[in-house]
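K.L.:
What follows is the residue order along each chain.
Number of protein chains: 2
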Amino acid sequence: MTSDDTVSLDHGAGGKASHALFSEIILPLFHNDQLAQQDDGAVCEVPAGRLAFSTDSYVVDPIFFNGGNIGDLAVNGTVNDIAMCGAQPLFISVGLIIEEGLPKKDLQKILKTMARAADQAGVKIVTGDTKVVPRGKADKIFINTSGIGIIPEGVNVSGTRALPKDKIIISGTIADHGMAILNAREGLAFESDLKTDSAPLHGMVKSLLDAGCEIHVLRDPTRGGLGTTLNEIAAGSRVGITLFESALPVKGQVKGMCELLGFDPLYIANEGKLIAIVPEHDAGRVLEIIQADPFGTDAAIIGEVTDHLPGKVFLETAIGGRRLVDMLTGEQLPRIC
Amino acid sequence: MTSDDTVSLDHGAGGKASHALFSEIILPLFHNDQLAQQDDGAVCEVPAGRLAFSTDSYVVDPIFFNGGNIGDLAVNGTVNDIAMCGAQPLFISVGLIIEEGLPKKDLQKILKTMARAADQAGVKIVTGDTKVVPRGKADKIFINTSGIGIIPEGVNVSGTRALPKDKIIISGTIADHGMAILNAREGLAFESDLKTDSAPLHGMVKSLLDAGCEIHVLRDPTRGGLGTTLNEIAAGSRVGITLFESALPVKGQVKGMCELLGFDPLYIANEGKLIAIVPEHDAGRVLEIIQADPFGTDAAIIGEVTDHLPGKVFLETAIGGRRLVDMLTGEQLPRIC
Numbered sequence: 001m002t003s004d005d006t007v008s009l010d011h012g013a014g015g016k017a018s019h020a021l022f023s024e025i026i027l028p029l030f031h032n033d034q035l036a037q038q039d040d041g042a043v044c045e046v047p048a049g050r051l052a053f054s055t056d057s058y059v060v061d062p063i064f065f066n067g068g069n070i071g072d073l074a075v076n077g078t079v080n081d082i083a084m085c086g087a088q089p090l091f092i093s094v095g096l097i098i099e100e101g102l103p104k105k106d107l108q109k110i111l112k113t114m115a116r117a118a119d120q121a122g123v124k125i126v127t128g129d130t131k132v133v134p135r136g137k138a139d140k141i142f143i144n145t146s147g148i149g150i151i152p153e154g155v156n157v158s159g160t161r162a163l164p165k166d167k168i169i170i171s172g173t174i175a176d177h178g179m180a181i182l183n184a185r186e187g188l189a190f191e192s193d194l195k196t197d198s199a200p201l202h203g204m205v206k207s208l209l210d211a212g213c214e215i216h217v218l219r220d221p222t223r224g225g226l227g228t229t230l231n232e233i234a235a236g237s238r239v240g241i242t243l244f245e246s247a248l249p250v251k252g253q254v255k256g257m258c259e260l261l262g263f264d265p266l267y268i269a270n271e272g273k274l275i276a277i278v279p280e281h282d283a284g285r286v287l288e289i290i291q292a293d294p295f296g297t298d299a300a301i302i303g304e305v306t307d308h309l310p311g312k313v314f315l316e317t318a319i320g321g322r323r324l325v326d327m328l329t330g331e332q333l334p335r336i337c
Numbered sequence: 001m002t003s004d005d006t007v008s009l010d011h012g013a014g015g016k017a018s019h020a021l022f023s024e025i026i027l028p029l030f031h032n033d034q035l036a037q038q039d040d041g042a043v044c045e046v047p048a049g050r051l052a053f054s055t056d057s058y059v060v061d062p063i064f065f066n067g068g069n070i071g072d073l074a075v076n077g078t079v080n081d082i083a084m085c086g087a088q089p090l091f092i093s094v095g096l097i098i099e100e101g102l103p104k105k106d107l108q109k110i111l112k113t114m115a116r117a118a119d120q121a122g123v124k125i126v127t128g129d130t131k132v133v134p135r136g137k138a139d140k141i142f143i144n145t146s147g148i149g150i151i152p153e154g155v156n157v158s159g160t161r162a163l164p165k166d167k168i169i170i171s172g173t174i175a176d177h178g179m180a181i182l183n184a185r186e187g188l189a190f191e192s193d194l195k196t197d198s199a200p201l202h203g204m205v206k207s208l209l210d211a212g213c214e215i216h217v218l219r220d221p222t223r224g225g226l227g228t229t230l231n232e233i234a235a236g237s238r239v240g241i242t243l244f245e246s247a248l249p250v251k252g253q254v255k256g257m258c259e260l261l262g263f264d265p266l267y268i269a270n271e272g273k274l275i276a277i278v279p280e281h282d283a284g285r286v287l288e289i290i291q292a293d294p295f296g297t298d299a300a301i302i303g304e305v306t307d308h309l310p311g312k313v314f315l316e317t318a319i320g321g322r323r324l325v326d327m328l329t330g331e332q333l334p335r336i337c
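So the protein sequences, as listed, match chains L and A.
Using this note's numbering, the first residue of the first sequence is number 1, and each one after it goes up by one.
Using this note's numbering, the first residue of the second sequence is number 1, and each one after it goes up by one.
It is possible that part of the hints are untrue.
Where chains are identical, the list cannot tell them apart; a pair therefore holds if satisfied intra-copy or between any two copies.
Claimed, not checked - Derived DSS-like pairs (lysine-lysine); straight-line CA-CA distance at most 25 Å: (1) 124 x 251; (2) 16 x 312; (3) 165 x 105; (4) 255 x 16; (5) 167 x 109; (6) 312 x 165; (7) 124 x 105; (8) 165 x 104.
The hints are simulated quantities; they were obtained by calculation from the structure and are not laboratory data.
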């Protein structure tokens, strides 16, 4: 590979090489009117009302894995954060931090995946920034995506709104993403077709809102997994939460890998799943709508909100025991997203 | 320094340590209602119309330097990108990528500076994200800021709108930031009180718009410097540009350092300066308003837009010569912002 095939410090200096990188590699893939203006920011038309605004940086290692790469992970992740506010995502920004020496073909592959993910989610990548740091000062590529979306009038979902007796629904199997990343890491190569679950969830949210479902909380249990996210909700809403172990959807091979390696799937990251917390009377309908979505076929009711021991999450085990599910302590899997 | 005094991988894992970092260090400094919700995104009220949306990642080395640090640089940088769209900045997101081992007191110092810079600019830090990568996989800290602002009705500034006969104004001395960073790097220690010019420019832009000035282009000449930014404008607007060397404001010590080290101040980054390109009839008034701003006292008319050789920038030298100012080729100074 010659130096022409890799990203160099010049590509981040803001001069000729930066412009060549932008106009030859980035713009053709992300083409739209706003980005083509090449101004310092993008101008976006929005209706009056409430915007959802979110940001996430992605530092996943490795950058390519079964079912995706850091690029679609970054787009889907911010699409989902916007969707979890009850909003439809509209515009996305992309901030790249590239380590000198990254092969251009890797960059192109990542950007292509981002463009495809943005198309699939119906969002426009309207503004961006590229920095390059010397070899050894970053690890291949880090991507920040920020996004904005519009929250329809009357929609009010938040991690502070769970109420006792609400039902807790998960949109599918847990721990797929974390185990797929782990499997892709050097030194660990289980024979497995396990893929990341990275997927955009705004369509599922839109179906729920369009059907007029009453939804108290929406969250995507990424870093820290289902266990940590439910702890956040229990604390934010000052309620107790009970989970039913036997109801938790976990793929057989994920369960097997977790047992073998000593991981608890409750703390493993998901990148294409949501938790919906809804009033009991609407739970059946919400479950049906989620199951009808292409990314929700394995959805299940997995627990309920209670009024005892506010802030605590308990698991009723398959053999009838009851154990506290605390927040993740320590680092189960670094650089999972 | 014990391990309690530094940021660890646990702080980025999304579990207990992440929450402690957020609630003990981040939230008290950036306190506001949106951030306190701890949802995946922030909910922001906006009027209907045109939003400006921008993103920038900061990888400056060193992270502390004379006059500021990576934190206020990151806030001011995005405030300025929004302002260069003719918008008033409202909301900002912060994405931190921290290298394991960063002293917590450095993080606190940076975040404090960010909070102060946000206050000064009248923007709210409403949403954020923290990732931690292992030692040697990043360099201390990288910060992404994204921002949104509102563009007043009737305002339409863009790098594509420069017209022949327009005057070009710079809001102050050039190359201060780049030379301050260079001076702060190990091995180079000129006896100097040279400081970064990092500053928020939205107030200056507001004064211009409130006064009803006709403005065609606003840009802040950061990476790549004045020379590269003017080349972008010449290309975007399909016009020629002539600069007058004798009119360029450059501090004596910056000029001296540049001469000694072989740098051209036209290509050195600024972080608190703007270029305004305005019709001839409004140029005097625009200059006066900029000079009345605390960050614009050294403003000057430095050139004009022409209709010959579209896309090219020329410098009329002090001794009467004329030379082409091309875009920056290669990397003058890596990791300047």
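K.L.:
All hints, please: hold or fail.
P.N.:
Structure-based check of each hint:
| no. | hint | verdict |
| --- | --- | --- |
| 1 | 124 x 251 | neither (34 Å within a copy, 42 Å between copies) |
| 2 | 16 x 312 | between (56 Å within a copy, 14 Å between copies) |
| 3 | 165 x 105 | neither (52 Å within a copy, 44 Å between copies) |
| 4 | 255 x 16 | between (51 Å within a copy, 24 Å between copies) |
| 5 | 167 x 109 | neither (41 Å within a copy, 43 Å between copies) |
| 6 | 312 x 165 | within (15 Å within a copy, 69 Å between copies) |
| 7 | 124 x 105 | within (23 Å within a copy, 39 Å between copies) |
| 8 | 165 x 104 | neither (53 Å within a copy, 41 Å between copies) |
Comparing the model with each numbered hint stated earlier shows that hints 1, 3, 5 and 8 do not hold.
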